[in-house]
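Visitor: These protein sequences, in sequence, are chains F and V. Note that this note's numbering has the first sequence beginning at 1, numbered continuously upward. Note that this note's numbering has the second sequence beginning at 76, numbered continuously upward.
Calculated from the structure, these hints are not laboratory results. Even glycine gets a Cβ: it sits at the ideal position worked out from N, Cα and C. Incorrect hints may appear among the rest.
[Stated by the list, open to error] If you anchor each label on the Cβ, the simulated ranges turn out as follows:
#1 F:Thr68 to V:Pro185: 45 to 51 angstroms
#2 V:Asp426 to F:Thr68: 18 to 24 angstroms
#3 V:Gly285 to F:Gln23: 23 to 29 angstroms
[Unchecked claim] One side only, chain V facing chain F, incomplete, derived with CB under 8 angstroms:
#4 Leu115
#5 Gly379
#6 Asp382
#7 Ala406
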Amino acid sequence: MTPRFVVRLHRPKGEGWRRLLDQPYVETTSQTLDLPTSRVAIRLVASVNAEEANEIADQFRSCLEGGTVTVELES
Amino acid sequence: MAGVDLLSSASAVAEPRVGDQSAQVKALARLYDLIDANHLSGLAGTSLAKDGQAVEVFWAGSVPSILRSLAAQSASTQATLSIISVPYSKEQIGAHARALIAKAKQQKIPLVSVASTADFRGLHVDVEPSATLAQREELQRMGASEVGESGPLVPLSRFSDGQPFWGGAVIESSSNLCSTGFAVQNSSGTRGIATAHHCGTNTTWNTPLGARVGTSNGGHVNSDSMIITGTDYAASLYIGPWDSVQGTPINAKAEPALGQPICAGGGLSGEVCGATVTLVNAFDAAGIGPGYVATRDPSVGLAGHGDSGGPSYADPITTGNVTLLGMIISADGADAAPCNGGSSNPWNTVDRQCFFRVFFTNQSAVASGNGVVVLTSP
C-alpha cells in the first residue's frame, strides 16, 4: 500500500480552510466534533509527493486565522 | 388494612445514630399505607425532626380514630407520630397555590415558586429579585403568608445540568464546547465523568449556565478521552432532544457489533437513533481507537460539532435498556448532514456542522486507557 501524507490542523481558527477540503488532492478527512474543531486530519491521495504535500499544507496555513499545520507521512 | 399492627416494639432496637432517619421513614411508610388503605383525606404534609425520632403529621379537619390509634401506638416506638391540626389539606393548598399563580401571572409578577409554609398553615411565595414592593404586597393580598426571594428555577437539562452530572450534557471551557459522556470511578472510589481528550485537558469545565462540572485531567491520547472530577456524577444519561430534561440509567456496557442499531446522544444534537454500526475495531485518521463507525441515512446528522465526548449506546427501542457502547469523537468532512432539530435547535448556528457517519471510541478503551471502570446502575 502506498504511504499517504496527512496534513494535520491543530486548533484551526476561522472557517476558510474548510473550502479546501473539497480539493481533489483530499482523499478523506477526520475532524473532531468539539466546537470549535480542535483537530483535523486530512489524508491526501496517493499521488501526492512530499513536496506537493508541503505546498498543500501551505495552502491550509494561508487560510487559517490561527492554529498550526503539520505534515506527516502516514504510519 | 389498618397499619397499627405493623408498628414494631422499640425495646429491641438500638438508638438511632445522628442523621439516621430510617425509623422516621418507616413510620412515614406506615402512615401512608394507613391513609391509602382507609382512603383518609385531610393530610396537609409531614415534617421530620432532626433527632431522627419525631414525625409531625399536619392534618386538616377531624382526625380519624384509626390515625389517632397509629399515633398513640407510635409512642412506644423509635419514631413518634404527633398530629397537628391545620386549616387546609394538601389538595386545598394546591388549589390555593394554583389560583395564586394564575393571578400573579395575570399581573405579570415575576413569581418563582409557591409552597406550604413550614407550619403548613399558609403559602410561602418566592419572587425574583426584580419584583417590586407593590408586587410583593399584592401577593400578600392574594393570600401569600410569606414572600421571599430567589433566582428563577431552571430545570436540569442537557444545557443546564446539575449534580450529580449525567452523560449527554453540554459543557464548556474557556475555549471549547463539548459533551459529557458517562460516569466512571477509579480504584480509590473517586467518581468522574468521561469526555473527549481533544476537548481540552487540565482545565475547568462548566455548564453553559455557569455551574461547575469539574476539572479535566491529562487524559489518554490513544482513546481520545479524559476524566473530569471534582463534583458528583451518576450513571445516567440524557435522552431526547437538545433541550431534554429527561434521563435514564445506564443499565449495561458492551462492545459494539457489526450491524448493531445504535443511538448517539451529544449535548448539542440531542439523541439521534436509526444508525447502524458499519465498522468495528476501527481507528480514525489520527490513530484514535479502538472504536467503531456508525452510519445513518443522511436526512439528519448522527452527531455534530459540540457533541464530542457524548455517549453512544445500543438502540434501546427493542429492550428498553440502555447499553453503553462508546463516545462521540470525530467525523469525515464529506459526510455532512443537517443537524438534528433544524432551526428550532438554537445550537444549530451557521458554523456548526453535523455528520451522518461518525467515529466513536469504545467505552472499554476509555476505561482501560484512563484506569477507571464505567459505572452502571443496578
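Visitor: Need the list of violated hint numbers for this structure, in ascending order.
Guide: 3, 4
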